[in-house]
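Each protein sequence line maps, in turn, to chains A and B. In short: position in the first sequence from 1, add 381, done, that's the numbering used here. In short: position in the second sequence from 1, add 51, done, that's the numbering used here.
Since the hints were made in silico from the structure, they are not lab data. Small disclaimer: the values here were computed from a predicted structure and weren't measured. Warning: the hint list may mix true and false statements.
Here are the simulated DSSO-like cross-link-like pairs (lysine-lysine), alpha carbons at most 30 Å apart as the crow flies [unchecked claim]:
hint, chain 1, residue 1, chain 2, residue 2
1, A, Lys521, B, Lys163
2, A, Lys521, A, Lys453
3, A, Lys453, A, Lys481
4, A, Lys633, A, Lys552
5, A, Lys521, B, Lys287
6, A, Lys633, B, Lys314
7, A, Lys521, B, Lys314
8, A, Lys633, A, Lys667
From the structure, some residues in chain A lie toward chain B, with a derived Cβ separation under 7 Å [stated by the list, open to error]:
hint, residue
9, Ala524
10, Ala529
11, Ser533
12, Ser573
13, Trp616
14, Asn624
15, Phe725
Backbone N, C-alpha and C fix where the C-beta goes; we use that ideal spot for every residue, glycine too.
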Amino acid sequence: MWIILAALLFLTIDLFLFPRVLPYEMTLEPHQSWTLSENSSSVASDSQFFRLGEWEGAWSPSNGLGRVRALKLQEDVSPHEVAWRDAAHNSIVVEGVRGKLFELVGEQYPFWVRDRLFTMDENRMTLSAWGPTGQALWSKSFASLVTAIDASQLFTVVGTLDGRVQVFDNKGASAGEFQPGGSRLSVVYNVSLSSDDRRILVLAGLDPKRFLILERGGSDYRPVYHRPLRENHPWPTPLGFLNGKDIAYYEKVGSLGLVNPASPERETDIAIQGEIGDVVSAEGEKLIFLLDKGTPLGVLRVASTDGTPVLALPYQGSNAFLKLSRHELLLGLDQSLLLFDVRFQ
Amino acid sequence: MSFVFRFVFMVALIVPAFAYDWPTPDVQLVRTFGQRSGSQVLPGVEVQTQSPTLTAPDKGDALFVVRPGFSSVQNLPSGLGGFVAIAHEDNLRTVISHVDPAPVRGGKVYQKGEPLGVAEVLPGNAESRHRVFVFDQQLDEIVNPLLVFPPLADKRDPLVFDVVAVPEAAGSTVSLFGKAQVLVGYWSIHIQVADPAPLTGSNTRPADGQRGVYSVEAYLNGSEVFSTNLDSFQDKAGRWQIKGTSRPLNDVLPTDQVWNLGKVFINLGTNILEITVKDFQGNQAGRTFRVIGVHA
Chain A
382 MWIILAALLF LTIDLFLFPR VLPYEMTLEP HQSWTLSENS SSVASDSQFF
432 RLGEWEGAWS PSNGLGRVRA LKLQEDVSPH EVAWRDAAHN SIVVEGVRGK
482 LFELVGEQYP FWVRDRLFTM DENRMTLSAW GPTGQALWSK SFASLVTAID
532 ASQLFTVVGT LDGRVQVFDN KGASAGEFQP GGSRLSVVYN VSLSSDDRRI
582 LVLAGLDPKR FLILERGGSD YRPVYHRPLR ENHPWPTPLG FLNGKDIAYY
632 EKVGSLGLVN PASPERETDI AIQGEIGDVV SAEGEKLIFL LDKGTPLGVL
682 RVASTDGTPV LALPYQGSNA FLKLSRHELL LGLDQSLLLF DVRFQ
Chain B
52 MSFVFRFVFM VALIVPAFAY DWPTPDVQLV RTFGQRSGSQ VLPGVEVQTQ
102 SPTLTAPDKG DALFVVRPGF SSVQNLPSGL GGFVAIAHED NLRTVISHVD
152 PAPVRGGKVY QKGEPLGVAE VLPGNAESRH RVFVFDQQLD EIVNPLLVFP
202 PLADKRDPLV FDVVAVPEAA GSTVSLFGKA QVLVGYWSIH IQVADPAPLT
252 GSNTRPADGQ RGVYSVEAYL NGSEVFSTNL DSFQDKAGRW QIKGTSRPLN
302 DVLPTDQVWN LGKVFINLGT NILEITVKDF QGNQAGRTFR VIGVHA
C-alpha cells in the first residue's frame with residue numbers, strides 16, 4: 382500500500398515539477414490532483430460521473446471532484462447518469478446530477494451504452510432498452526447469450542454467441558441482421574456503431590477471428606471489408622471508432638490497429654505491451670491517448686493517427702480510466718484523479 | 052459373436068445419447084429448464100455441487116471465456132458471474148456459469164473432463180450453484196440440458212397443487228379441485244404444478260425443494276387440448292417459444308409453477324378433463340376432473 386502511495390506521489394510530483402514538452406506540438410501539463418475518499422459533497426450540474434475500481438464519483442470541469450461513494454449493488458455509470466439495484470425494493474434506481482430520476486421495478490441488471498440505459502436479465506439472454514425518462518422502448522429475448530452491444534441514439538447493435546449481429550431501431554424493429562462467415566466457428570466478440578450510424582465494426586468468429594466493417598446500404602447493413610486476425614482471444618477485445626466515426630481501432634497481437642473505415646486496406650499500428658484499456662482522442666485532433674495496462678506498471682501512451690509514438694508515461698495502478706476533452710485529460714488511477722492541460726501549439 | 056455385435060450395437064446407441072458429462076460428478080439438480088422464478092424463465096438448468104473444480108462436459112473449443120470482474124470490454128452484467136462457453140463437434144454449445152476459468156489462450160480445445168476452472172462459491176456456503184445452458188447452433192435453439200446430460204436420480208412424482216378455470220371475459224376463476232360446476236363457454240385452464248426435489252447441503256433453501264415439470268398433457272372429453280414437452284426454446288421475433296407450440300413462452304408459463312394450457316370449451320352437462328404431468332425422469336401425476344357445464 383505504502384509503495385503504491387509513494388509511487389503515486391512520485392509520479393504526481395514528477396509530473397507537476399517537470400511538465401513534458403512533446404514533439405507533436407503538444408504539452409501535457411499537470412493541472413490538479415485529488416485523492417478519492419468517500420464524501421457526500423454536492424454534484425455540480427456540469428459534472429460527469431466516473432467509476433474507478435470500487436468507487437463511483439462525480440467530477441466537474443468547473444468544481445473538480447464532487448461526491449465520491451462506494452459502488453452500489455450492480456451499479457453502472459454513464460457520464461451523466463448512474464443506475465444501481467435497490468434489492469430492498471426490487472428495483473433499479475437511476476440518478477442524474479440533480480438526484481434520483483426514476484426507478485424500474487423488477488430484478489434486472491442495468492448498464493449504460495453512450496448515455497442510453499439498457500437492462501439485461503440474469504441469464505444474459507433478454508435485453509431491454511429504456512428511454513430517458515424510464516419508459517420501456519423494447520425488450521428482446523435471444524436464442525443465445527448476448528456477447529456484445531453498442532448503441533447510438535437511434536439504433537442498437539447486438540452480437541450473440543451464435544454469431545449473429547442484429548440491429549434494432551428505437552421501437553425494437555429490426556434494422557438489419559448479419560451473420561459473419563469465413564471462420565470455423567461463428568461467434569461475435571465485439572461490435573461498435575459509428576456516431577453517424579453509417580458503419581458497424583465487428584470482431585467475430587474463431588479460427589480465425591475476423592475484423593469486419595459493415596456499411597449501411599438502403600435499409601440494411603452489408604459487409605464491405607473483412608480481414609482475418611492473428612489475435613484469437615476467446616473474449617471481447619477492444620474495438621471502436623475514434624472521433625465518433627473517422628478512425629476505427631481494434632486490438633491486434635502486440636498493437637492497436639488503426640484504419641480509416643472508408644478505405645480500410647491501409648492500416649497503421651500503435652505498439653503496446655499489455656492489454657488495451659481506454660482509448661480516446663480529441664475531436665478533430667490527430668492524437669490518440671490510450672492506456673496500455675501492464676503489471677505492475679501500465680503506460681499512458683499518446684500517438685499520432687499515423688502510428689508515430691508521441692508520449693509514453695508509466696503509471697502504477699490496477700484500475701484506471703481516461704477522459705479527454707479538447708483541452709483537458711483526466712486520468713483516474715486507483716485512489717487518485719489527475720487532471721492535465723492538453724495544449725496544442 | 053452375435054453377443055459381441057449386440058453389445059457393440061447397444062453401446063453405439065447409448066453413448067451418443069449421453070455423450071456429455073455433468074461438470075462435476077456430484078451435481079444435484081436445483082432448478083429445471085423452463086422453470087420460472089419471478090419474472091424470468093430459466094433457459095437451462097441450475098445445479099449445485101460441493102466440488103471445487105468444474106470440468107468440460109465434452110471435447111470442444113473454448114469459444115467464449117469470461118473471468119468474473121476482469122473484463123473491461125463489453126463487461127455486460129448478468130447473474131452468471133464468470134462463465135465458459137464451449138463449442139462441441141456435434142453443433143451443440145454448452146455454457147457453464149459461476150466458474151473462475153483457468154487462463155486460456157486462443158485456439159484452446161478442452162478435452163472431456165478437463166478442468167475449466169474453480170467454482171465460484173458464495174461466502175458462507177459449502178456448495179456452489181451453476182447454470183448450465185445448451186445451444187443447438189444448427190437448429191438455432193436453446194436445448195433442455197437434461198436431453199444431453201446423463202439422467203439424475205429422481206424417484207418422486209410431480210405434484211399438482213391446483214387446476215383452475217379462468218373465464219375468458221370478466222369473472223372469477225374457479226378451482227376445479229373445489230367446484231365441479233362452471234358456466235358453459237370458453238375457459239382457460241391453468242394448472243399449478245411442481246416436482247419435489249430433495250436437496251442436501253447448507254445452501255439449500257426451502258424454496259429449492261420445488262423444481263419445474265417437464266411435460267404436461269390435457270384431454271377434454273377424450274380429445275387432446277394440450278401436449279407440450281420442455282425440450283427447447285426458439286426465438287420468434289425476440290420472444291421465446293417452446294418448440295412445437297405457437298404461443299409465446301410467457302403465455303404458456305405465466306407465473307411460478309403455473310402452466311396455461313390454453314382455451315377450452317366447456318359443454319353443457321358432463322365434461323371429463325384429464326391432466327397428466329411428468330418430470331424428466333418419467334415420474335408422473337395425473338388428475339381427472341368431472342366438470343359440469345351449466346347455463347347462467
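List in ascending order the numbers of the hints, as given earlier, that are violated by the structure. 1, 4, 6, 11, 12, 14 and 15
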